[in-house]
Amino acid sequence: MKMIEVNNLKKSFGKLEVLKDINIDVNSQEVVCVIGPSGSGKSTLLRCMNLLEEPTGGDILIEGDNLTAPKTNINELRQRMGMVFQQFNLFPHMTVMENVTLGPKRLKGKSQSEAKELGTQLLDKVGLVDKADVYPDNLSGGQKQRVAMARALAMEPNIMLFDEPTSALDPEMVGEVLQVMKDLAEEGMTMTIVTHEMGFAKEVADRVIFMDEGFIVEQGTPDELFGNPQNERTQAFLSKVL
Amino acid sequence: MMETINIILEGLPTLLKGMGLTIEITVISLILAMFIGLILGVFSITKSKILRTISTAFVDIIRGTPLLVQILFIYFGLPSVMDINLTAFSAGVIAITVNAAAYLVEIFRAGINSIDKGQMEAGRTIGFSYGQTMRLIILPQAIRRMIPAFVNQFIVSIKDTSLLSAIGLAELTLSGQSIYAANFRAFEILFAVGVLYFIIIYSLSLFSRWLERRLDVA
Numbered sequence: 001m002k003m004i005e006v007n008n009l010k011k012s013f014g015k016l017e018v019l020k021d022i023n024i025d026v027n028s029q030e031v032v033c034v035i036g037p038s039g040s041g042k043s044t045l046l047r048c049m050n051l052l053e054e055p056t057g058g059d060i061l062i063e064g065d066n067l068t069a070p071k072t073n074i075n076e077l078r079q080r081m082g083m084v085f086q087q088f089n090l091f092p093h094m095t096v097m098e099n100v101t102l103g104p105k106r107l108k109g110k111s112q113s114e115a116k117e118l119g120t121q122l123l124d125k126v127g128l129v130d131k132a133d134v135y136p137d138n139l140s141g142g143q144k145q146r147v148a149m150a151r152a153l154a155m156e157p158n159i160m161l162f163d164e165p166t167s168a169l170d171p172e173m174v175g176e177v178l179q180v181m182k183d184l185a186e187e188g189m190t191m192t193i194v195t196h197e198m199g200f201a202k203e204v205a206d207r208v209i210f211m212d213e214g215f216i217v218e219q220g221t222p223d224e225l226f227g228n229p230q231n232e233r234t235q236a237f238l239s240k241v242l
Numbered sequence: 001m002m003e004t005i006n007i008i009l010e011g012l013p014t015l016l017k018g019m020g021l022t023i024e025i026t027v028i029s030l031i032l033a034m035f036i037g038l039i040l041g042v043f044s045i046t047k048s049k050i051l052r053t054i055s056t057a058f059v060d061i062i063r064g065t066p067l068l069v070q071i072l073f074i075y076f077g078l079p080s081v082m083d084i085n086l087t088a089f090s091a092g093v094i095a096i097t098v099n100a101a102a103y104l105v106e107i108f109r110a111g112i113n114s115i116d117k118g119q120m121e122a123g124r125t126i127g128f129s130y131g132q133t134m135r136l137i138i139l140p141q142a143i144r145r146m147i148p149a150f151v152n153q154f155i156v157s158i159k160d161t162s163l164l165s166a167i168g169l170a171e172l173t174l175s176g177q178s179i180y181a182a183n184f185r186a187f188e189i190l191f192a193v194g195v196l197y198f199i200i201i202y203s204l205s206l207f208s209r210w211l212e213r214r215l216d217v218a
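Protein chains in written order, with this note's numbering: chain F, 1 to 242; chain R, 1 to 218.
Everything labelled a hint here was simulated from the structure, so no lab data went into it.
Computed from a predicted structure; not experimentally measured.
The reader is advised that the hints may include incorrect statements.
Unchecked claim - DEER-style ranges, computed between Cβ atoms:
# : chain 1 : residue 1 : chain 2 : residue 2 : range
1 : F       : Ala-168   : R       : Ser-205   : 32 to 42 Å
2 : F       : His-196   : R       : Pro-140   : 26 to 36 Å
3 : R       : Trp-210   : F       : Gln-179   : 44 to 54 Å
4 : F       : Thr-56    : R       : Thr-53    : 22 to 32 Å
5 : F       : Gly-57    : R       : Arg-52    : 25 to 35 Å
Quick reminder that beta carbons are idealized off the backbone N, C-alpha and C, glycines included.
From just these sequences and the hints, can you work out the full model?
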């Protein structure tokens, strides 16, 4: 089943055309990694998928619902899609537990105790139960990102979007974040990940998409794309980063 | 020395009554101004050009004219062309409210803008509406940062109420004037008036320092 369907997507910022006719599908339980040089439009593509950026043309279907159709309730639709940011974006005025339970309490009508139970379960999953009552300022980057994942998962989404989740981390903290993502992939979460972690993409992705200058240049299984890239630009990019 | 104290003590009941009125006008005006300031502050950062224009026009007009002129305009100017009859108290509250609101709009706007835009995005991606994100995530953080600026404006507004003496409202300053007009002891009475203003404002300063400390811990 197609979870995300992107058809002829175009996006411009003023005169600058960042996405030029993008077509991709993401199937249920599939892990798709999007790689490419900076400025290739990969983050913009991801941000279009939950309408943080308004597409200039084309359409995007999430579980069959058209994202930009006037009758679509974007707030309801976003609840089915979790997002993890490069800069974590935790709420600094709330404890870790409050960060995780805000959505379930306010949007899903969960009681304080139900939300707390769910929150504890998710913090356990990311290995941070002992930090439940701590404020985000007192966490390391890796811990913040794991809380951010727990917060996104608290809405029990069907799809998870990751926008360079390890790019703002110190190298020694990258592993703990990737581990949680790997666990999630193994549980069968549908995931779209914009990343610079080629090792992770190789190991975890079902499909890797290479983007450059607003186009999808090449896509395939990690073996195909990393082992035997067909396009010159893919080859040039991979020779620089591998 | 005894004489000075006696003069002040004699005037004190009148002065305290004036001080009560000063506080009453300030409190009512600032509560109203906070609502208007918040609403127009949010207007000023929306995508809607009409709402932004309304907000900008309000701020520019009020900030661009002297408060004393506004007070006189509302109390004497408006009734001369419209069929309204404002008491000095209502006119005073309107003038102080409108004036404080114009400055508060800017405080709200700057405070909300100072919050990283990732906070709005994080709220929206969880599935909160713009309004919910504003209320639950942006404003609680922004208002903490705005407290020093709010207090500054509150203090200015307290002092501004003294201009309402121009339309015969017996607030603290006019109460003082009426006393020394009768006993000619301007020095003692105005000194007492100054002390009473200082007490109101200094109490507010202490409260705001306490509030900031308390919120800092959270």
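Consistency of the hints with the structure:
no.: 1; hint: F:Ala-168 <-> R:Ser-205: 32 to 42 Å; in the structure: holds, 40 Å
no.: 2; hint: F:His-196 <-> R:Pro-140: 26 to 36 Å; in the structure: holds, 34 Å
no.: 3; hint: R:Trp-210 <-> F:Gln-179: 44 to 54 Å; in the structure: holds, 45 Å
no.: 4; hint: F:Thr-56 <-> R:Thr-53: 22 to 32 Å; in the structure: holds, 26 Å
no.: 5; hint: F:Gly-57 <-> R:Arg-52: 25 to 35 Å; in the structure: holds, 27 Å
Every hint, counting from the list given before, is met by this structure.
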